[in-house]
Structure formats: structure tokens, C-alpha cells
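There are 2 protein chains.
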Amino acid sequence: MSFDRLIRKIVETKNPTVVGLDPKLEYIPEELKAEAYAKYGKTLEGAAEAILSFNKGIIDAICDVVPAVKPQCAFYERFGWQGMKALAETIAYAKEKGMFVIIDGKRNDIGSTMTAYAVAHLGDVEVEGEVYTPFGGDALTVNGYLGTDGISPLTDICVKKDAGIFVLVKTSNPSSGELQDRSLEGRPLYAAMGEMCEKWGESCMGELGYSAVGAVVGATYPEQLAEMRKAMPHTFLLVPGYGAQGGGAKDVIGAFDEKGLGAIVNSSRAVLTAWQKQNRPGSEYAAAARDEAIRMRDDITQYLPEIRL
Amino acid sequence: MSFDRLIRKIVETKNPTVVGLDPKLEYIPEELKAEAYAKYGKTLEGAAEAILSFNKGIIDAICDVVPAVKPQCAFYERFGWQGMKALAETIAYAKEKGMFVIIDGKRNDIGSTMTAYAVAHLGDVEVEGEVYTPFGGDALTVNGYLGTDGISPLTDICVKKDAGIFVLVKTSNPSSGELQDRSLEGRPLYAAMGEMCEKWGESCMGELGYSAVGAVVGATYPEQLAEMRKAMPHTFLLVPGYGAQGGGAKDVIGAFDEKGLGAIVNSSRAVLTAWQKQNRPGSEYAAAARDEAIRMRDDITQYLPEIRL
Numbered sequence: 001m002s003f004d005r006l007i008r009k010i011v012e013t014k015n016p017t018v019v020g021l022d023p024k025l026e027y028i029p030e031e032l033k034a035e036a037y038a039k040y041g042k043t044l045e046g047a048a049e050a051i052l053s054f055n056k057g058i059i060d061a062i063c064d065v066v067p068a069v070k071p072q073c074a075f076y077e078r079f080g081w082q083g084m085k086a087l088a089e090t091i092a093y094a095k096e097k098g099m100f101v102i103i104d105g106k107r108n109d110i111g112s113t114m115t116a117y118a119v120a121h122l123g124d125v126e127v128e129g130e131v132y133t134p135f136g137g138d139a140l141t142v143n144g145y146l147g148t149d150g151i152s153p154l155t156d157i158c159v160k161k162d163a164g165i166f167v168l169v170k171t172s173n174p175s176s177g178e179l180q181d182r183s184l185e186g187r188p189l190y191a192a193m194g195e196m197c198e199k200w201g202e203s204c205m206g207e208l209g210y211s212a213v214g215a216v217v218g219a220t221y222p223e224q225l226a227e228m229r230k231a232m233p234h235t236f237l238l239v240p241g242y243g244a245q246g247g248g249a250k251d252v253i254g255a256f257d258e259k260g261l262g263a264i265v266n267s268s269r270a271v272l273t274a275w276q277k278q279n280r281p282g283s284e285y286a287a288a289a290r291d292e293a294i295r296m297r298d299d300i301t302q303y304l305p306e307i308r309l
Numbered sequence: 001m002s003f004d005r006l007i008r009k010i011v012e013t014k015n016p017t018v019v020g021l022d023p024k025l026e027y028i029p030e031e032l033k034a035e036a037y038a039k040y041g042k043t044l045e046g047a048a049e050a051i052l053s054f055n056k057g058i059i060d061a062i063c064d065v066v067p068a069v070k071p072q073c074a075f076y077e078r079f080g081w082q083g084m085k086a087l088a089e090t091i092a093y094a095k096e097k098g099m100f101v102i103i104d105g106k107r108n109d110i111g112s113t114m115t116a117y118a119v120a121h122l123g124d125v126e127v128e129g130e131v132y133t134p135f136g137g138d139a140l141t142v143n144g145y146l147g148t149d150g151i152s153p154l155t156d157i158c159v160k161k162d163a164g165i166f167v168l169v170k171t172s173n174p175s176s177g178e179l180q181d182r183s184l185e186g187r188p189l190y191a192a193m194g195e196m197c198e199k200w201g202e203s204c205m206g207e208l209g210y211s212a213v214g215a216v217v218g219a220t221y222p223e224q225l226a227e228m229r230k231a232m233p234h235t236f237l238l239v240p241g242y243g244a245q246g247g248g249a250k251d252v253i254g255a256f257d258e259k260g261l262g263a264i265v266n267s268s269r270a271v272l273t274a275w276q277k278q279n280r281p282g283s284e285y286a287a288a289a290r291d292e293a294i295r296m297r298d299d300i301t302q303y304l305p306e307i308r309l
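So the sequence lines, in the order shown, correspond to chains A and B. So for the first sequence, full-length UniProt numbering puts the first residue at 1; every next one is plus one. So for the second sequence, full-length UniProt numbering puts the first residue at 1; every next one is plus one.
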């Protein structure tokens, strides 16, 4: 009912990073794509198969050094239900390999509709008494604009399924300030959202100091990151924006607590395209991803205390 | 590149309402479910088939009197990729029958990720030069918490594909005020979001006075609805909360302009469960939905000026 499982996995790997599985066809080596198209044609099925096969290679290469993956729903939905099938199969594969899976869906709605999203991404669904797991993530990113009605259906499922959520607080993009930085009753809106996260988390505290309600705070705003770590002592942080978006290792230090815990830093593009950046052949895409994942781990942990429970 | 198509369809049917396709298995007559389970078993495929078949019956029954349908993604995602397939097929069927399709996904992200969502729900995707339409909606609901970086990828596709978006402004749920009503630099946050909608819409104005950037404002807050109609003169409104959530016909009058346009009012549960509410046999579920859709139209239009261009 919290992020305890993720925290233990981070301590085990001594690695507070997550690899974003945001596949684009142009990241995938020609050989892999040719194989997929030979089976399914240049179709949505073919694209989905290429993505799945690419993801499996990445997961195989990183699963012993990285604790978690974060597939981004948009890059699967783009290929229709066939892409969503590849998402489900990617998640199942990553879990088989022992990884913690954060579904980046930024879902939001209210009441029974939000319950349906919670069931879809974190829970089980019943069909006349038969139980199925639609996507089976361990955590889901969500948007809190609708208030408690949009969050309480999730915390119920988090408790039941030992899962977690990350609520958007201060996002990494340039225009995040248009709304999030503006003054809401005397302090920035993101701070108000952060306070709501702390409150929502009270009903689902874990054993290791953090609740099941985490928050997304971008690496591109290091001051706010450090500020929110202090303001939200029970809220585990998911930190996007490292690498391709411009955040560096020093920028994310403020996200961590004195045990080197409390946050997980995401990198997507730099890992997935490492073989292209390093001018290596397509056959080495997975090995290149592993090299980049290790480089990222070392880059970030050099500034942290030894990671421990 | 705007809501002109929707507006013309509303004028043609003289009906400013939309039926929400939010299927739950308990809404579906036993006969339909038995047929689906006979084909696919009590599985996710079976549930998805039951939903699709239920939706087709509703669409057949209402397509000459209601201009639009609004499938809610959560109720399809709940049944995994199999459910998403039923979503795609529901949308294709509704469009075949001439209906305008609003995908209620409340999607949000930034940059190329948001472009992927825009492509998924409103656009076309290329696989090595072959072009496919993943979900093919005419409009998509979105969440504006991330600012312009999350909206501009959508307006680009709206222009290209003659589509629209509805940004959450003031939602219909009880806790919507926790954030949306709080004072952002001297006025409610929802008003600031509304102003952003007007600004985002400037690049994609239609011929009939409204842009491609619409807004969601709930029927359960009639004063704010009338206030936002005035404050957002170029923003078409999607109004949830009529019926089951407690909003009445008089509560939505303020959403409309002097031609009876500018807004579309949603009802989901009351239409989908009309056969149960009216104690009619399952075989009449579609006829009951039509009766309820007509009752809703008449209930709302009695307070409006004659709908005209």
C-alpha cells in the first residue's frame, strides 16, 4: 500500500533511477523492425511488435541494474489498441524480470470513472466472477486538478494492491509555470498541490516513511525540487527532466533524503537512443542502453549518501 | 480546425446534447452478454464484445436525434487492450452513422508525448509510409495543468484534422473547488484556466464564432457556468453533470449563447440505464435510451431560444 516495494528495490540495486520506455519507431534498429514487419506487415500490429521486441531487449539488458521502468502510455496509444497490447505485454515482461513498473498515464477523472482507471492500470477487473489484470502496473502517474474525488478511488486500490501513484506537482516543461508557479492564496500553486499529496497520503503510509501518494517534480527546477522534498516529507518523488530535458545530476540532489532515498530519477531518450548517440550498430542497442543506464546511475549516486534503509 | 462541424450537427438535429458511452457490464442486458460470452468466453474479449454490441444498439437508436457521443476511455481501458479495441470500433461505428465523437480521455502531457496522444485520439499515425487512424475521434478532452506545452501539440492537429479539444476548467464533482475555486492572483483558478483557453483558441478560430479549444464546465455549478460563458465568448462548452450528478435543465441555460449554441450537455448513466429505470425488458434497452435522449433534448431545449446558425 505504499512505495516500500520500490524503495527496497532501489536499495537492492543501489540505484534511484528509472528508465522511461517511450519508444518511437526511429529509435528501433532496422533489423528488429524488419523482423516485425515480416510477421505482421507495415501495420499497427507490426509497429506494436517492433516496440515490444525493442522493449524486451532493453529490459533484459537493464533489469539487474535498474529497479524500475516507466512506460509512457501515449507512445503505445499512438499505435491504437495494438499499441496498448504491446504496453500490456511490456509491463508483464518487466514484472517477470523483477522490475517495478510505473505506468506514465497522467490519468484523471472522478468517482467510478477514476475507479475504472485505477482498476485498469493498478488493479484487477472481474468478468462474471473471472478475475483479469488489464495492465498490471505497480504505480500510475495521475493529475490532481479535480481534487480528492479524483484521488481517493486510487488510494483505495493502492492499499488493496500494494501499489502507488505519483501526482503531478511541478512538471519539468518550460511552460509548467504558467499555472503551477502562480500564486494561489499567497504561495505557488504547486506547493498547494504538494500539500494535498501529503494529506492524501495519510491514509496509506508505508513502513519506510513514505506513503502511496508520490509526486512528480521536474529536475529542471532544482530549487523547487529541494523545497518540495522538505515540504513533503512523506511523499516519494518521481523526477523527470534529467538528461535530454536539461537537468543534471547536481540538479536532482535536493530530491533525496539523508539515506539517499525519497526519489527516483527518470531518463528515457538518452537510454533508448544510446546506440545511436554512441554510433554503435543496431545489434548493440540493448548493450548501449545498459551502458547509459549505468553511467546515469553513477552520475547521480556520486552526489548522494550511501543508499540504505 | 474548430467546432464548426459539431455546431452544424447540433443545428441539424436541433439538439445540443451528447450521450456519454460509459458502459458498465451491469448496464448491459443479459441476452447481449450471453451472446458475447458464448463467442469469447467470460474473458476480457467477451466483456469488450458485450460493450461493443451494447454501444452499437445505443448508437443505432439515437443517431438521428443526437448529434454526438462521448465514450469515456476509462470504461474501455478497464478491460485492457481488448477494451481499447472495443473503443476504437465504437468510435468507427458512431462516425459511420454520422455522429460527432468526443473521446473523454482527459489526456495531458508535453511536447512529443502530447503529440503522440493527439495522433492517437484525433490524428493519423505513419508506419513506414503507411497511414493508419488509431482511434479517430473528432474531439478529445484534455487537462491543462501543464500549460501551453501540453496544448499546442493538440491545436496543431486540430487545425490539420478539423478537430477540437475540451480543456477541463470547472469540473462537475463535489471536490472540484479544492483547487479550481481557490484564489489565483485575485480570482478563481478556473477563471485563469478559462482565460488560457481563450488565448489558446486564437490560433484555431472557426467560421461560426468558436475556436477549436473548448472547455469543460459542470452543470452542477450553474453560476460559474453562466460566468464562464460570458468570460469565454469563443470557447465552446462541454457540460457534464446533468441528470445523475444532479444538474437540471435550468442549471445549464447559462452555458448557451443567444442562438442556443455554444454548449453541449452530456448525459451518460440516465440514457444507458433507461431500460432499467423504466422497468423495461432488456430487449428494449436501445428504445429506452432513445426515449430518454429525446426527453433530455426536450427538457433542455424548452428553456433555449430556437437553435440556429
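Honestly, the hints are just simulated from the structure, not real lab data. Among the clues, some could well be false.
A pair holds if it fits inside one copy or across any two, identical chains being indistinguishable in the list.
Claimed, not checked - Listed below are the simulated DSBU-like cross-link pairs for lysine-lysine, each with C-alpha atoms no more than 30 Å apart in a straight line:
(1) K250 - K39
(2) K42 - K161
(3) K199 - K259
(4) K160 - K42
(5) K160 - K24
(6) K250 - K161
(7) K39 - K199
Checked hints:
no. : hint        : verdict
1   : K250 - K39  : neither (46 Å within a copy, 58 Å between copies)
2   : K42 - K161  : between (38 Å within a copy, 23 Å between copies)
3   : K199 - K259 : within (23 Å within a copy, 46 Å between copies)
4   : K160 - K42  : between (41 Å within a copy, 24 Å between copies)
5   : K160 - K24  : between (34 Å within a copy, 22 Å between copies)
6   : K250 - K161 : neither (35 Å within a copy, 43 Å between copies)
7   : K39 - K199  : neither (51 Å within a copy, 47 Å between copies)
When held up to the earlier numbered hints, the structure conflicts with 1, 6, 7 and fits the remainder.
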